[in-house]
Amino acid sequence: MKYTLSVLVENRPGVLARVVSLFARRGYNIDALTVGASETPGIARMTLSGEGDNYILEQMEKQLNKIVPVIKVRSLGPEAMRSELMLLKLNCDPPSFGQIHQIATLMDAQVVQVTRSSVTLRFAGSPEQCDTLFELTRPFGVKEVARSGVLAVD
Amino acid sequence: MVRCLEAEGTDTIFGYPGAAICPFYDALYDSPIRHVLVRSEQNAAHMASGWARMAGRPGVCVATSGPGAANLITGIATAYMDSIPLVAITGQVDRELLGRDVFQETDITGACQSFTKHSYLVTRAADLPRVFREAFVLAATGRPGPVLIDVPQDVQEELCPDFTYPEQVEILGYKPTVQGHPVQIKKAVEAIAGAQRPILCCGGGVLLANAREALQRFAAQSGIPVVATMMGIGAMANTALPGENEPVYLGMIGRYGRSYANRALGEADLVVFCGARLGDRAITMPDRIAEQATVIHIDVDPAEIGKNLRTDIPIVGDIRWVLEALTRQVSPRDLTPWRRQVLEYKTRSVPAGTDRTDAVEPRSFLRALSRMMDADAVLCADPGQSQLWAAIHYTQREGRFLTSGGLGTMGYAVPAALGAKLAAPRRQVVAVCGDGAFQMSLCELATVRACNVPLKILLFDNRRLGLVREFQNQQYRGRHIATHMEGNPDFVALCRAYGLRAELAGNNREAERLAGEMLASPGPFVLVCRVDPDTPTV
Numbered sequence: 005m006k007y008t009l010s011v012l013v014e015n016r017p018g019v020l021a022r023v024v025s026l027f028a029r030r031g032y033n034i035d036a037l038t039v040g041a042s043e044t045p046g047i048a049r050m051t052l053s054g055e056g057d058n059y060i061l062e063q064m065e066k067q068l069n070k071i072v073p074v075i076k077v078r079s080l081g082p083e084a085m086r087s088e089l090m091l092l093k094l095n096c097d098p099p100s101f102g103q104i105h106q107i108a109t110l111m112d113a114q115v116v117q118v119t120r121s122s123v124t125l126r127f128a129g130s131p132e133q134c135d136t137l138f139e140l141t142r143p144f145g146v147k148e149v150a151r152s153g154v155l156a157v158d
Numbered sequence: 370m371v372r373c374l375e376a377e378g379t380d381t382i383f384g385y386p387g388a389a390i391c392p393f394y395d396a397l398y399d400s401p402i403r404h405v406l407v408r409s410e411q412n413a414a415h416m417a418s419g420w421a422r423m424a425g426r427p428g429v430c431v432a433t434s435g436p437g438a439a440n441l442i443t444g445i446a447t448a449y450m451d452s453i454p455l456v457a458i459t460g461q462v463d464r465e466l467l468g469r470d471v472f473q474e475t476d477i478t479g480a481c482q483s484f485t486k487h488s489y490l491v492t493r494a495a496d497l498p499r500v501f502r503e504a505f506v507l508a509a510t511g512r513p514g515p516v517l518i519d520v521p522q523d524v525q526e527e528l529c530p531d532f533t534y535p536e537q538v539e540i541l542g543y544k545p546t547v548q549g550h551p552v553q554i555k556k557a558v559e560a561i562a563g564a565q566r567p568i569l570c571c572g573g574g575v576l577l578a579n580a581r582e583a584l585q586r587f588a589a590q591s592g593i594p595v596v597a598t599m600m601g602i603g604a605m606a607n608t609a610l611p612g613e614n615e616p617v618y619l620g621m622i623g624r625y626g627r628s629y630a631n632r633a634l635g636e637a638d639l640v641v642f643c644g645a646r647l648g649d650r651a652i653t654m655p656d657r658i659a660e661q662a663t664v665i666h667i668d669v670d671p672a673e674i675g676k677n678l679r680t681d682i683p684i685v686g687d688i689r690w691v692l693e694a695l696t697r698q699v700s701p702r703d704l705t706p707w708r709r710q711v712l713e714y715k716t717r718s719v720p721a722g723t724d725r726t727d728a729v730e731p732r733s734f735l736r737a738l739s740r741m742m743d744a745d746a747v748l749c750a751d752p753g754q755s756q757l758w759a760a761i762h763y764t765q766r767e768g769r770f771l772t773s774g775g776l777g778t779m780g781y782a783v784p785a786a787l788g789a790k791l792a793a794p795r796r797q798v799v800a801v802c803g804d805g806a807f808q809m810s811l812c813e814l815a816t817v818r819a820c821n822v823p824l825k826i827l828l829f830d831n832r833r834l835g836l837v838r839e840f841q842n843q844q845y846r847g848r849h850i851a852t853h854m855e856g857n858p859d860f861v862a863l864c865r866a867y868g869l870r871a872e873l874a875g876n877n878r879e880a881e882r883l884a885g886e887m888l889a890s891p892g893p894f895v896l897v898c899r900v901d902p903d904t905p906t907v
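Read top to bottom, the protein sequences are chains F and C.
When we follow my numbering, the leftmost residue of the first sequence carries the number 5, and every step to the right adds one.
When we follow my numbering, the leftmost residue of the second sequence carries the number 370, and every step to the right adds one.
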């Protein structure tokens with residue numbers, strides 16, 4: 005089962021290490037983790053996503069709550085808004101540029117950089133849409149991919 | 370830092386200096402706080418642990434940076450596993466040198482992350498009062514545990530011009546639940562009313578919550594027979610034949626526990642777990658209990674509920690609060706048939722081990738010893754066979770049993786006993802050690818000598834690592850390896866060299882006679898008992 009946890013933390017040194025070491029030592033699976041500002045100054049929001057059954061999810065929430073700088077833990081359901089940012093650098097010679105551009109337009113991805121041998125796309129969407137764009141462009145030769153991990157709001 | 374400790378009312382601390390903690394020590398020079406100089410930092414944490422368990426508030430240990438801090442680690446982890454409130458203070462290298470691997474630098478907050486309740490690396494002296502207050506609050510409240518404060522040397526030297534110690538602190542993400550949810554309590558009351566064979570299992574949380582009396586009142590009111598985990602020993606008085614309105618107590622459960630206590634637990638149709646985290650040693654077959662019984666689990670830490678055992682009725686809250694609420698609501702029931710049944714299991718069991726003339730039989734000796742000691746005596750036991758013999762065969766009345774139950778740290782008993790004795794000077798305190806564990810904190814005999822308190826040490830010397838050796842017999846076809854303690858010293862001579870009175874007992878009669886002398890003597894006393902290596906644990 006996929007999970008997404010939205011965690012509010014005090015923005016202090018070491019808080020990320022505490023969360024990460026908790027997941028590592030208790031063997032919780034984690035696919036992606038993002039940290040950034042929240043709506044309140046001094047408080048950051050972490051979004052964690054991965055796989056886990058109900059037992060593991062309950063344990064994760066309870067153990068996260070035990071970390072002192074963790075203020076609030078919320079498990080997000082399927083109706084929550086999820087989004088991910090992806091930068092995709094592709095091998096590209098002039099003949100294939102048209103095809104890549106077509107895919108980008110179709111998926112609503114932006115072309116952010118073009119060189120003689122590469123083109124870089126920027127795309128924001130659900131993790132599944134990111135996967136789709138990746139699959140569609142793979143035949144051209146992917147040089148580099150960077151994904152932000154899931155961000156979510158309830 | 371010293372003024373923070375004074376403001377907390379701390380009168381005794383345990384530590385070992387080094388360059389990076391010298392500014393703190395220099396300030397301590399002018400303080401009335403008593404400093405106990407240990408011989409190895411690990412034991413400073415153990416002493417603070419023993420002290421905390423008797424004083425009922427956080428114990429304080431101090432070490433320098435680098436190796437000093439690293440030596441504290443086992444002591445901190447030991448306290449964490451048993452939820453003992455500690456505040457550990459370490460010196461650190463100067464701020465501008467942090468992260469450069471300079472002399473005696475270790476990332477101690479990082480190293481201790483997974484076994485501290487919280488930790489601080491203080492970067493401004495102005496933060497110290499808040500950090501200390503927070504550390505003491507965190508260590509002592511909710512589920513207690515160790516908190517580490519790491520202070521760079523130059524922060525210790527920084528002046529804090531307007532020192533005010535905060536009375537209260539606001540920690541955003543920390544709100545331990547005290548009051549149990551009334552709906553859950555009502556459900557528990559109903560479940561208890563419908564049970565025919567209920568059992569209450571108490572863990573160390575009962576003692577940590579200072580809920581001994583509340584538990585005994587609940588057990589008397591409800592009539593529910595009580596068993597204990599190793600950490601819960603001492604929460605109930607062990608009365609052989611309780612009256613009709615008195616609680617029935619069956620002693621320790623678990624892998625090395627009383628067979629009748631395990632049997633009663635296995636036959637129960639309802640189990641109330643109370644401040645127990647249901648570790649694998651205590652609850653050997655969680656699935657069977659979950660299958661056969663309704664499970665009520667009371668704990669201040671919600672993460673413990675449902676972790677190792679499926680729970681039907683979770684109650685998060687302070688154990689004393691919840692037990693008092695339950696006592697008010699539970700109506701007395703006639704559980705006579707069930708109480709009679711479990712008491713019969715108990716009275717039918719024959720105590721293992723009988724007095725010997727060629728060696729000291731530790732089990733019968735511990736039974737005899739419990740009759741000689743004060744009702745409220747404190748027993749500290751080192752892991753291994755000694756721990757299990759003491760847990761099973763020493764009869765607790767109003768006393769305490771201090772041991773490293775979670776981590777099973779060898780060498781805990783002597784330093785913890787010394788800490789306990791300093792916190793409760795009027796109570797008898799006896800450390801029970803095997804020759805293996807004893808040698809892990811041997812150096813602290815000097816600290817015992819220096820403190821000159823009448824600490825009593827019982828040393829069961831079988832020149833073996835008994836429990837591991839027994840395990841090798843059971844699991845590895847008797848292929849004994851690395852369990853024979855060759856090269857052991859003459860312990861009596863050694864203890865005498867430390868200036869302690871020490872005597873050797875070669876059989877039970879001698880042991881009992883010398884134990885009488887030991888308990889009557891005004892100073893420290895080590896009673897070395899020669900034990901047959903083949904004496905079984907159970």
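Be a bit skeptical, because a hint or two may be false.
Simulated pairs of lysine-lysine, BS3-like, Cα-Cα distance not exceeding 27 angstroms [said to hold, decoys possible]:
(1) F/Lys66 - F/Lys76
(2) C/Lys676 - F/Lys66
(3) F/Lys70 - C/Lys544
(4) F/Lys70 - F/Lys147
(5) C/Lys544 - F/Lys66
Stretches of chain F that chain C covers, calculated by requiring three or more beta carbons in the stretch to come under 8 angstroms of a beta carbon on chain C [unchecked claim]:
(6) 60-72
(7) 77-87
It should be emphasised that the hints constitute simulated quantities derived from the structure, not laboratory data.
Beta carbons are placed, not taken as given, at the ideal position from N, Cα and C, and that holds for glycine.
Hint by hint, which ones does this structure get wrong, listed from lowest number up?
Result: hints 4 and 7 break, sorted rising.
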